[in-house]
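Colleague: One-letter residues, chain by chain:
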Amino acid sequence: MHSQGGTKTLVKIAYRNIWRNKRRTAFCFAAVGIAVFFIAVYSGYIGGMISGIRDLVQVFDLGHVRVVSELYEAENEYMPVQYPVADGKDWRELAESIKKVSGVRAVFPRIATMATLQESTVKHAVLWGLNIEDEMAANTFNLTNRDDGLIEGRYPAPGANECAIGHVFAEKAGLKIGDRIPLKTVSAQFSDRMWSPVITGIFNYDYIRFDEKYIIVDFERLQRLLVMGEGTQQLIIFANEDRLSAGITAEVQNILGDGSVVTEWRDNYWVAVMESVAPLYTAMFLIFLIVASFLIINTVVMIIHERIKEIGMMGCLGMTRREIVTVFFFESLFLAAFGALTGVLIGGAVTFLGAHYPIRFGDLYGDTFSEMPMNNAIFTEFSLIKLFQAWLMGVVIASLFTLIPSLKSAFVEPVEALRR
Amino acid sequence: MREIHRILVIKGVYRMVVIKAENVTKDYALDGQVVNALRGVSLEFGSGEFSAIAGPSGSGKSTFLHLAGCLDTITGGTMTVDGADAGKMSKQELALLRRNKIGFIFQAYNLIPVLSVEENISFPLTLLGINKKEIKERTAKVLKEVGLADMAKRRPKEMSGGQQQRVAIARALIKKPAIILADEPTANLDSTIGREILELMVALNKSEGTTFIFSTHDTMVMDYARRLIRIRDGQIESDVVK
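Which chain is which? The protein sequence lines are A and B, in order.
Residues 1 to 420 in our numbering are what the first sequence spells out, letter by letter.
Residues 1001 to 1242 in our numbering are what the second sequence spells out, letter by letter.
Isolated chain A (complex conformation):
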């Protein structure tokens, strides 16, 4: 006796069935579409926020891996300069040995320390010593415009008594290129150091913390000012790829041994927080979809009620329960798939726009999130994989939920259905 066949025809019937009541189908598309649109846009926004935080942490704070001394780490909020890496060993030697580690792209020394400003309405700032030319060549400091962030003048020359300041700082303190900034800081020997660098450049990193409080100076000039010998406060290591940072961290820790704290960018508080809340977003997305699925569930229940005679006829033709369920399941699958596709297409277009025209987060919220390493502008993350995931999530959840009413069709007895 023949038993199987015709799945393609059953799918064809299911596909054609969805167009029998176009208005109802449109509502189902809209319900799933709105949920998936929201998932696509919101996951793009969260993804953009996470990658923005990651970029800022890597460029401005930790690189992929940061090395400091244990004593510095214990008092890092005061930015002490008296605890150099590896007890003040020449940073070039340290960098050379670290560069031999597989996956390391670059190693830079950095010093950050507090300064008290004199003759200024702005009283405090952070002196930030970098190998400016090398760092600018290796990284993008303005992550919004993807450039070095310089909006006026030039960065300080090596060894010169020069500095660059953020545009917000310049505005607040009423400073311009050519002005001097008389300031006082404390050296590694605990002596007061007076300095008065000339402003040669004004930058805009679109990152309020730096634009407002940081004074960029040449690393060696600051090293000399703070009487640090050949040592450095921090060594910032950049890897060829994000995923290599864990391995590099372990190897560098081995090279430097006890006394040094080697930190991976993922250990940053904000990066860890954002990554730990990601499952919550997934749970939230699931709830959106479940709510949207109720409309399809309701539709399938109505469809089964309306087509009860048709189900009876299917039974008369010898269709098994599984085949009858297949028709209704595919019908709800099509409703979910096309609805989700609509949501993904519109959501994808929005995230694509957001990836090119950022949301001015800082303009919207002011200083509310100034403690977070967050750029003023947030680009949404346009990812085909994420869009596909949003679509798949929509289809799978809506289909699974509609499987329950679809199964109901299998328990309609043909003879009962024909009597209606």
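Some clues are possibly wrong.
What the hints assert, rightly or not - Per the computed footprint, the stretches of chain A lying under chain B, defined by three or more beta-carbons under 8 angstroms from a beta-carbon of chain B, are: (1) 313-323; (2) 406-419.
Unchecked claim - With the Cβ distance kept under 7 angstroms, some of the chain B side facing chain A (calculated, not the full set): (3) Ser1051; (4) Leu1071; (5) Ala1095; (6) Phe1104; (7) Asn1110; (8) Val1114; (9) Ser1116; (10) Pro1124; (11) Asp1233.
Honestly, the hints are just simulated from the structure, not real lab data.
Note that CB positions come from ideal geometry on N, CA and C, so glycine has one too.
Knowing the structure of chain A, use the given hints to seat chain B on it.
Modeller: Chain B only, in chain A's frame:
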């Protein structure tokens, strides 16, 4: 072998029992009360028969047709369909028996509205997993037999009631079932169209040797039937071969 049987049946040389009901009873629960829809019905239908079961509403004729069509299960007795004891089969097995052996024609045609005429007709063969080429050939042949060759691409809603019933007949016939059960097939048609449909079924019965059993209270159908069974209150009142 089946083809040889068919030819012998058409020529009236051979008669094979396709449905055998022995002391069949069927009880329903309706509003908390037991209704005895069939009370010990014993009937036999041979291959190539063209029979009608007649009786007033509620007499049990549709119930018998549903049991013979394996759409429902008997309460007592035995019901054998093409040699298979329907009373001992699971729902899945009954579905497969219907798929392979039984064709149905309904008063309301019950076509699949989203399929074209040829898709509706070929659907039973698709379920049987028959290859495309054979499906195409058999569909074309049946379409010609029922006079709808030029309407193959139409949807049911684009056709008259008589035309839809022809499609239903073609759908029932295409898989060459052991038996076709027709539940009030002319009830929705005017007398002229009803007669045309009956003429078609008579012709197919003669040419293909297909067994037809009708449930009806249409006198015209009773006139066409070569065997008339009258049923009342769930019992056989008369069984006359003309």
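Colleague: State for each hint whether it applies.
Modeller: So, going through the hints one by one against the coordinates:
1. 313-323: This one holds; 9 residues, not fewer than the three required, reach chain B with a Cβ under 8 angstroms.
2. 406-419: Per the Cβ count (4), the hint holds.
3. Ser1051: With a closest approach of 19 angstroms, the B:Ser1051 hint is violated.
4. Leu1071: holds, 4 angstroms
5. Ala1095: holds, 5 angstroms
6. Phe1104: Result: holds, 4 angstroms to nearest chain A Cβ.
7. Asn1110: holds, 4 angstroms
8. Val1114: holds, 4 angstroms
9. Ser1116: Where the cut-off is 7 angstroms and the nearest Cβ of chain A is about 10 angstroms from B:Ser1116, the hint is violated.
10. Pro1124: Holds, about 6 angstroms.
11. Asp1233: Violated: closest Cβ of chain A sits about 19 angstroms from B:Asp1233, beyond 7 angstroms.
When the structure is compared with the earlier hints, violations turn up for hints 3, 9, 11 and for no others.
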